[in-house]
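Engineer: Chain by chain, the residues:
There are 2 protein chains.
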Amino acid sequence: MLRNVGFMSAIFVAANVVLTASAYADDQDVIDYRQHIMKTMGEQAAAVGMIVEHRIPPDNFAVHAQILAVTAASAKKAFEPKVLGGEAKPEVWAKWADFSKRLDVLVTNTAELSKVAKDGGFAAAEAKLSTALTCKGCHEVYRVPKK
Amino acid sequence: MLRNVGFMSAIFVAANVVLTASAYADDQDVIDYRQHIMKTMGEQAAAVGMIVEHRIPPDNFAVHAQILAVTAASAKKAFEPKVLGGEAKPEVWAKWADFSKRLDVLVTNTAELSKVAKDGGFAAAEAKLSTALTCKGCHEVYRVPKK
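As they're listed, the protein sequences go chains W and Z.
For what it's worth, my numbering labels the leading residue of the first sequence as 17, then goes sequentially.
For what it's worth, my numbering labels the leading residue of the second sequence as 17, then goes sequentially.
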């Protein structure tokens, strides 16, 4: 009987290991995942930039603002695992309180941008852009410079 | 007086040209813009793919589904200007009725995916993924193959 209990425990432990392995990613997966999120932000910020520069009509502006807000809200979870590498500087985790707070501010400000754009379009939201999209300031501290 | 009318008309025509130039993009801008939108879809679909393969936890699944739905809804406007080039095959505009209909279906199905995911998470939505994300079928017809 004791042997049976031991056997069942062994299965239970093994099952836990499998569950952990499937719920958490390996390091490259963690890096890839957060890059998918940040590239989404980059593509949408670039679309917004084209509207600001009058290179394309502003019809989709509220949609871009919404995507930026929703994506920003998904970013923190992607950076929570402390996995160095990719374009993230070690400062992301060394100064997590600051990095995390900046993400929160990004979430709040892009949500506000999205709301204003939904109600009043690009004309109403344009003045809020420089406050909402603080990409550069954060990248200067936390992203490895592009070569 | 006639000369003045002519002069004013000339100004009016010139103003129209300027307005047109600022409201509509040049060809490369049109291409760049639709690529920002499709790359957003690609990054988010890749994030979904990582969840499906259990390489990352499904916590953000509903957010990815929402972004896919909202982005899909913004895509048609980006393809409306008939500007060949980039990765779009000429078939996009030669078979616009079909291309446009496929985009509508994508919008409907990703919106449904997003709704189910919001209510029931990844577990509830997973079965709808293959119906919602028909990237490959559409790309085979309308996108220039990657080299």
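Among these hints, one or two may not hold up.
To be verified - FRET-style restraints, in silico, Cβ to Cβ: (1) P161(Z) to V121(W): 15 to 23 Å; (2) A140(Z) to K134(W): 48 to 56 Å; (3) W112(Z) to L100(W): 45 to 53 Å; (4) E69(W) to E69(Z): 20 to 28 Å; (5) V160(Z) to K117(W): 40 to 48 Å; (6) E107(Z) to K92(W): 24 to 32 Å; (7) L100(W) to D75(Z): 15 to 23 Å; (8) E107(W) to E107(Z): 44 to 52 Å; (9) P161(Z) to K117(W): 42 to 50 Å; (10) R118(Z) to A113(W): 29 to 37 Å; (11) D42(W) to T150(Z): 38 to 46 Å; (12) K117(W) to S116(Z): 42 to 50 Å.
Everything labelled a hint here was simulated from the structure, so no lab data went into it.
In this text, all values refer to a predicted model and were calculated from it rather than measured experimentally.
We treat Cβ as the ideally placed atom computed from N, Cα and C, and that holds for glycine.
Engineer: All the hints need checking, so say for each whether the structure fits it.
Structural biologist: Hint check results:
no. : hint                           : verdict
1   : P161(Z) to V121(W): 15 to 23 Å : 42 Å, violated
2   : A140(Z) to K134(W): 48 to 56 Å : 28 Å, violated
3   : W112(Z) to L100(W): 45 to 53 Å : 48 Å, holds
4   : E69(W) to E69(Z): 20 to 28 Å   : 39 Å, violated
5   : V160(Z) to K117(W): 40 to 48 Å : 44 Å, holds
6   : E107(Z) to K92(W): 24 to 32 Å  : 41 Å, violated
7   : L100(W) to D75(Z): 15 to 23 Å  : 21 Å, holds
8   : E107(W) to E107(Z): 44 to 52 Å : 47 Å, holds
9   : P161(Z) to K117(W): 42 to 50 Å : 45 Å, holds
10  : R118(Z) to A113(W): 29 to 37 Å : 47 Å, violated
11  : D42(W) to T150(Z): 38 to 46 Å  : 29 Å, violated
12  : K117(W) to S116(Z): 42 to 50 Å : 44 Å, holds
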